[in-house]
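Visitor: Chains as they are written, first to last, in our numbering: chain A, 1 to 402; chain B, 1 to 450.
Be aware that a few hints might be false.
One-sided and incomplete, this derived list gives chain B residues near chain A with beta-carbon spacing under 7 Å [what the hints assert, rightly or not]:
(1) V306
(2) Q311
(3) G331
(4) D333
(5) I347
(6) T354
(7) N371
(8) G372
(9) A376
(10) V378
(11) G381
(12) A410
(13) E425
(14) I427
(15) Q435
Below, computed lysine to any residue pairings styled on SDA-like, alpha-carbon distance capped at 20 Å [stated by the list, open to error]:
(16) K3(B) x S203(B)
(17) K4(A) x T340(B)
(18) K395(A) x N233(B)
(19) K400(A) x E409(B)
(20) K4(A) x D333(B)
(21) K340(A) x D390(B)
(22) K400(A) x V145(B)
(23) K128(A) x P21(A)
(24) K398(A) x D230(B)
(25) K340(A) x K8(B)
(26) K9(B) x S267(A)
(27) K398(B) x W175(A)
(28) K91(B) x N39(A)
(29) K148(B) x V399(A)
(30) K398(A) x G188(B)
Far from chain B, by Cβ distances over 10 Å, these chain A residues were calculated [said to hold, decoys possible]:
(31) V77
(32) F88
(33) S90
(34) V112
(35) G206
Hint data in this document are derived by calculation from the structure and do not stem from the laboratory.
Every residue gets a Cβ at the ideal spot worked out from N, C-alpha and C, and that includes glycine.
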Amino acid sequence: MGLKQNLHTLKEKYKGTKMSPAFNAIHTFLYLPNETTHNGTHVKAADDLKRTMNMVILSLVPCLIFGMFNSGYQYNVQTGDVSKALGFLSTEFWNLDNLIVGAWKVLPLVVVSYGVGLLVEFIFAVIKGHEVEEGYLVTGMLVPLIVPVDIPLWMLSIAVIFGVVIGKEVFGGTWMNILNPALTIRAFLFFAYPTWMSGDKVWVTGAVDTVGQPDAISGETILGSLAQNKGYLDWSLMDQFLGFIPGSVGETSKLLILVGAVILILSKIGSWRIIVSTLVGALTMGLIFNGVVAQGWVTESSKFFGLMNVDFWQHLFIGSILFGAVYMATDPVTASQTNKGKWIYGFLIGFISIMIRVFNPAYPEGVFLAILLMNVFAPTIDHYVINSNINRRMKRLKVKTA
Amino acid sequence: MSKDIKIKKGLTIRLKGEADKALSNAPRSRTFGIRPSDFHLITPKMVVKEGAKVLAGDTLFYSKTNDKIKFVSPVSGTLTTIERGAKRVIKELLIDGDSQDSYKDFGIVNPDNMKPDEIKAHLLGSGCWPFIKQRPYDVIANPEVAPKAIFVSAHASGPLAADYDFTLKGKENFLQAAVTALSKLTEGTLHLAVGGSDVSPFSGLKDISLCKVNGPHPAGNVGTQIAKLDPINKGETVWTVSAQDLVIIGELLLTGKYKADRIIALAGSSVKSPKYYRTTIGAEVSTFVYDAGLDEENVRVINGDVLTGKQISLKGHLGAYNNVVTVIPEGDDYELFGWTMPVFNKISTSRALTFSWMFPKKKFELNTNTNGEHRAFVVTGNYEEVFPLDIYPMQILKACMVQDLDAMEALGMYEVAPEDFALTEFICVSKQPHQQIIREGLDLMYKEIG
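Isolated chain A, as found in the complex (with noise of 0.2 Å):
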């Protein structure tokens, strides 16, 4: 008798009891269950819901990677301890030293995210009896990526508990939710505890402690520079899209995040329409305040002028609008339902990612409101789709009947 057998025996023996739904999640991971299919279709396409899910994880493997070496290399850059990287395979920052520094900070921030979230996603499936959902696979490994490397674990797992329970179990669980989880664990951690979640110290590990101190280490990000019109710092183009930039642990490889959209978008599992007409939103609104600023409606002087300057096509290398384009605008449930939906929601993103950004100087980040915003909005927008196909009905009907 094989693992498989007793497996086997052993689900058998616990069906219908509490804690089935929790054994069941851990079984399928090792095998695809033998369920059948019954009347309907006989026979079913290869894809579940775990393989959807499990492709979105590997897409962010490498930005998860790419951000472990990222953070100790912010470090290690300004304590000296190696020097600047000048291609994308420098060695400079593809380092041991760099990983150390880095893994150390970053793979607890994925275990607790991970291990808080599933545990809570647990006993909701053992208390209400249904199975467990993937929709935590995702999450859990976004959270880690859009907060500050140095954030302190109990203030994630606070977060956490608060995003799955209030963000998603309370709506009735996966597919219910109004508000992408992953957002608003950070939407969470960005009003309660605004200090870490924004300012000029906690975006390279370590800069918080050293406050203050003759060899203070700088935390302060290119986007939290340019809204004080202070310029780009000294972080070349190059640097911004590859990520050798400080910034929130996965988001700062603006190449990296390419290479996910299009593993996305090849495998079909994220909406294109969402990513393109995002982009083209974001792209719009920089436009039109490069326009505005060409007119000279707004001068130096004004607080705004700093973003407001900046190229349009350079708002995509900045903060974490691609980073949401890609990977959290495109979540399935919280999105547009409809085709033509998902263009209206995408555009809407980007442009009003984009103003936020120039409009609100001290928190300039708002790429995970304006997704947040237009989660709220996204069933307002499929209602008017769907009303046009009704519509389209209707008038059928009524030059039969005229």
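Position chain B against the provided structure of chain A, taking the given hints into account.
Guide: Coordinates of chain B only, in the frame set by chain A:
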């Protein structure tokens, strides 16, 4: 020639075990079974008792709600058993067939000189009426309501479907009689859709509006053709008849005999030598399944195709509307890391480490495993890729699940039948039972709105 239909959205499922174009006579079945559940929403009222002798064409039962709709015996023999289930619901009627059929004589008629009412009465009296179905609701047509059009699909695009060009070859005179008769029952047109082939037995028929369809499955679904040619509005009715049943109707008109013979395709990857058989409605499927041989023991026998058919046992009987019997392997086994390993041997519309998109011509051997557990609706936008109707599939499914009659009506429930949702069910990542949801939604509407 009316306009041609071309659809792009859809998915042709290519499976192993297509029936060879060779025709055999199935051995005569000992018993014949009629299941009232094949006739959806019909409550049978028995006319004959157990032990009675019947001729082919003798009424067995009629519909409780409309006693004009009669259901007749496909063969002559003795009604041996009326199998009942809970609340005395009749599950199956079993008839011991005589070795040679004797037929009830309904009289030879010429449909060209008949009035619509005469045709209707003739079809109702001879038990041919149940072959006519109606939309909305996808049930047996109500003879009191005149349809705005009648649709026949003579293009079978489903997986392992029987090829009408082959099964109906040489039956042109019966087909002509049937379409002539049916076309008089509507003020509108009788639309008949064929695939691309030139040898179609339908191409020379008169009294019809012939159109060509092409594109992936569900191009051959009559629902797709209705939507493209003359969509159903609220308050309208269309009738549909499947092409193989036209032969039975035509033969009845021209010979006066109700001959329930049918050429069916026995297909599927578990069948040793899949081919076509001449058999009778209600015959034991084992008569031809064992003749063709099975490759394995653990199989699923399906009355119909793998998308819309009903599961039966090897002792079961051929369904009233089916012209395919499919046998595929059961999939009741675990698969190590099956949710994440690259998949080459199953069909998928995504490319999430599934590689069927690289082999568009490959034929697959699918089993009945669900490939995952039932989940809530999560993924969006994938149903639309295989759903050619101008309807939002996920939204209408959700409306059915919450029993929102207004939304169901507004979203186009009058136009659909469960079979239209077979493909979305097939590709559903959350393994939701779409056809069942739609069926229950239609039943609810039928009950509430009628």
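Visitor: Identify whether the interface hint at G372(B) stands, where standing means a beta carbon of chain A within less than 7 Å of its own.
Guide: 2 Å, holds
Visitor: Quickly compare the C-alpha distance for K340(A) and D390(B) to 20 Å and report which way the hint goes.
Guide: Roughly 13 Å between the alpha carbons, so the hint for K340(A) and D390(B) holds.
Visitor: For the pair we were handed, K395(A) and N233(B), check the Cα-Cα distance against 20 Å.
Guide: Measuring from Cα to Cα gives roughly 10 Å; hence the hint holds.
Visitor: Does the claim that G206(A) lies outside the interface with chain B hold up, using a Cβ gap greater than 10 Å?
Guide: For G206(A), whose nearest Cβ neighbour in chain B is about 37 Å away, the distance exceeds 10 Å, so it holds.
Visitor: Check whether the Cα positions of K4(A) and T340(B) lie no farther apart than 20 Å.
Guide: Cα-Cα ~17 Å, so holds.
Visitor: Would V77(A) pass as off the interface with chain B, using Cβ distances and a cut of 10 Å?
Guide: V77(A) clear of chain B: closest Cβ-Cβ about 37 Å, beyond 10 Å.
Visitor: Would the pair K400(A) and E409(B) pass a check requiring their Cα atoms to be no farther apart than 20 Å?
Guide: Cα-Cα ~17 Å, so holds.
Visitor: Hey, does S90(A) actually stay past 10 Å from chain B on C-beta?
Guide: 32 Å, holds
Visitor: Against chain A, is G381(B) within 7 Å by beta-carbon distance?
Guide: Holds, because the Cβ-Cβ distance from G381(B) to chain A comes to roughly 6 Å (cut-off 7 Å).
Visitor: Next pair to validate is K400(A) with V145(B); report whether the Cα-Cα distance is within 20 Å.
Guide: Holds - the C-alpha atoms of V145(B) and K400(A) are around 18 Å apart, at most 20 Å.
Visitor: Answer holds if the nearest beta-carbon of chain A is closer than 7 Å to that of T354(B); otherwise answer violated.
Guide: Holds. Min distance 5 Å.
Visitor: Take the C-alpha atoms of K398(A) and G188(B), compute the straight-line distance between them, and say whether it is at most 20 Å.
Guide: 19 Å, holds
In summary, the structure agrees with every hint in the numbered list given earlier.
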